[in-house]
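Those protein sequences? They're chains A and B, same order as listed. Every number in our numbering is 398 more than the matching position in the first sequence, counting from 1. Every number in our numbering is 398 more than the matching position in the second sequence, counting from 1.
No lab work stands behind these hints: they were computed from the structure. The model shown is predicted, which means the values in this text are computed figures rather than measured ones. Among the clues, some could well be false.
[Said to hold, decoys possible] Keeping only pairs whose Cα atoms sit at most 25 Å apart, straight-line, the calculated DMTMM-like set for lysine to aspartate or glutamate is:
{"hint": "1", "chain 1": "B", "residue 1": "Lys490", "chain 2": "A", "residue 2": "Asp451"}
{"hint": "2", "chain 1": "A", "residue 1": "Lys513", "chain 2": "B", "residue 2": "Asp451"}
{"hint": "3", "chain 1": "A", "residue 1": "Lys542", "chain 2": "B", "residue 2": "Glu503"}
{"hint": "4", "chain 1": "A", "residue 1": "Lys539", "chain 2": "B", "residue 2": "Asp451"}
{"hint": "5", "chain 1": "B", "residue 1": "Lys549", "chain 2": "A", "residue 2": "Asp523"}
{"hint": "6", "chain 1": "B", "residue 1": "Lys460", "chain 2": "A", "residue 2": "Asp427"}
{"hint": "7", "chain 1": "B", "residue 1": "Lys539", "chain 2": "A", "residue 2": "Asp427"}
{"hint": "8", "chain 1": "A", "residue 1": "Lys460", "chain 2": "B", "residue 2": "Asp523"}
{"hint": "9", "chain 1": "B", "residue 1": "Lys460", "chain 2": "A", "residue 2": "Glu517"}
{"hint": "10", "chain 1": "A", "residue 1": "Lys460", "chain 2": "B", "residue 2": "Glu517"}
{"hint": "11", "chain 1": "A", "residue 1": "Lys424", "chain 2": "B", "residue 2": "Asp451"}
{"hint": "12", "chain 1": "B", "residue 1": "Lys447", "chain 2": "A", "residue 2": "Asp523"}
{"hint": "13", "chain 1": "A", "residue 1": "Lys484", "chain 2": "A", "residue 2": "Glu503"}
{"hint": "14", "chain 1": "A", "residue 1": "Lys524", "chain 2": "B", "residue 2": "Glu517"}
{"hint": "15", "chain 1": "B", "residue 1": "Lys542", "chain 2": "B", "residue 2": "Asp451"}
{"hint": "16", "chain 1": "B", "residue 1": "Lys513", "chain 2": "A", "residue 2": "Asp523"}
{"hint": "17", "chain 1": "B", "residue 1": "Lys490", "chain 2": "A", "residue 2": "Glu503"}
As a plain string of letters, each chain reads:
2 protein chains.
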Amino acid sequence: MKKITIASMLGVVALSLAVNASAQVKPEDQIRYRQAAYSFTSWNMGKIKANIDGTYDAAQVKAAANAIAAVANSGLGALFGPGTDKAIGSQKTAVKPELFTNGAEVAKLAGNFAKAANELAAAADKGDAAAVKAAFGETGKTCKACHDQFKARN
Amino acid sequence: MKKITIASMLGVVALSLAVNASAQVKPEDQIRYRQAAYSFTSWNMGKIKANIDGTYDAAQVKAAANAIAAVANSGLGALFGPGTDKAIGSQKTAVKPELFTNGAEVAKLAGNFAKAANELAAAADKGDAAAVKAAFGETGKTCKACHDQFKARN
Chain A
399 MKKITIASML
409 GVVALSLAVN
419 ASAQVKPEDQ
429 IRYRQAAYSF
439 TSWNMGKIKA
449 NIDGTYDAAQ
459 VKAAANAIAA
469 VANSGLGALF
479 GPGTDKAIGS
489 QKTAVKPELF
499 TNGAEVAKLA
509 GNFAKAANEL
519 AAAADKGDAA
529 AVKAAFGETG
539 KTCKACHDQF
549 KARN
Chain B
399 MKKITIASML
409 GVVALSLAVN
419 ASAQVKPEDQ
429 IRYRQAAYSF
439 TSWNMGKIKA
449 NIDGTYDAAQ
459 VKAAANAIAA
469 VANSGLGALF
479 GPGTDKAIGS
489 QKTAVKPELF
499 TNGAEVAKLA
509 GNFAKAANEL
519 AAAADKGDAA
529 AVKAAFGETG
539 KTCKACHDQF
549 KARN
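Excised from the complex, chain A in its bound form:
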């Protein structure tokens, strides 16, 4: 079952958990929640970028990086369950159908995102602006890598 493989790898969530969590959340809510997770991530990425480009505030960067890592480690795979590959009523989705049939690639990209986000959080925790800038760039690349392959609109 490719779906389960995907779910189990995304965000480093264990197999049983992903299945369990998927079962408890309606498909339209899975889409809504995953969009919320990415939107919240986008806000926090934007804050870090503003700090890199402008005045660097270690506390704000640390909080934002922690938020991104928490999203990456939250088990997002559970939000790509059966029936979430297309719009449900007014709940649209930009996911490409390929995400649900290419588990190995999705798992790789999700693992890259989690790894980069954790490294970003570690750099932010040290207050190391140069390391944050590098890790931020790497994290952004992992976002784009997945969008390029599995998101219909960007």
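Dock chain B against chain A, hints included.
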């Protein structure tokens, strides 16, 4: 300036950061991002509830609690900037106008949320199911306290 007082207290974000962040995010995006933050929180609260009511998985609860705490500490006050007190085009909001004129109460409620979320994350980190159940209840109360006063729809 009550707005700044609110922003500086919500999520324990420093004054200058909140102003800085507000300035960088368009009002309609502030509404969108704060709704995303709360929606993402709702998903994670739901996961913890499912673990408390069913089979307790410490890893899933820890990840979910970390996510909620990261939201609570992310500086949400910056997303309640000027012009976000009512719908902007198709971007609706359920916020009551009172939120923008009752800084002391908002700050108190936001502080309660952050405190409870941090305690929930600490309990989850220890894998203490009984402590998680108690902290989850307290966290839920802080959500409801703010909704009751400052959210028009529930």
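Given the hint that Lys513/B pairs with Asp523/A, test it: the Cα-Cα distance must not exceed 25 Å.
OK: Lys513/B and Asp523/A at ~20 Å, within 25 Å.
Does Asp451/B sit within 25 Å of Lys539/A, going by the straight-line distance between their CA atoms?
The hint is violated at about 39 Å.
With the threshold set at 25 Å, check whether the alpha-carbon distance from Lys542/B to Asp451/B stays at or below it.
Roughly 20 Å separates the two Cα atoms, so the pair holds.
Could you grab the alpha-carbon distance between Lys460/A and Asp523/B and see if it respects the 25 Å cut-off?
Within the cut-off at roughly 19 Å; holds.
Hinted pair Lys460/B and Glu517/A, Cα distance within 25 Å:
Holds, because 19 Å separates the two Cα atoms, which is no more than 25 Å.
Given pair status - Asp451/B, Lys513/A, alpha carbons within 25 Å
With Cα atoms ~31 Å apart, Lys513/A and Asp451/B exceed 25 Å; violated.
Keeping to a limit of 25 Å between CA atoms, is the pair of Lys549/B and Asp523/A held or broken?
violated, 34 Å
Pairwise hint evaluation, Asp451/A against Lys490/B, where the allowed Cα distance is 25 Å at most:
violated, 31 Å
Measure nothing beyond the straight line between the CA atoms of Lys460/A and Glu517/B; if it is 25 Å or shorter, mark the hint as holding.
The hint holds at about 19 Å.
Mind checking the alpha carbons of Lys484/A and Glu503/A for me, to see if they're no more than 25 Å apart?
Roughly 20 Å between the alpha carbons, so the hint for Lys484/A and Glu503/A holds.
Proposed proximity, Asp451/B with Lys424/A (alpha carbon, max 25 Å)
holds, 18 Å
Within a Cα-Cα threshold of 25 Å, do Lys524/A and Glu517/B meet the stated pairing?
The hint holds at about 23 Å.
In the structure shown, a violation is registered for the earlier hints numbered 1, 2, 3, 4, 5, 12 and 17, in ascending order.
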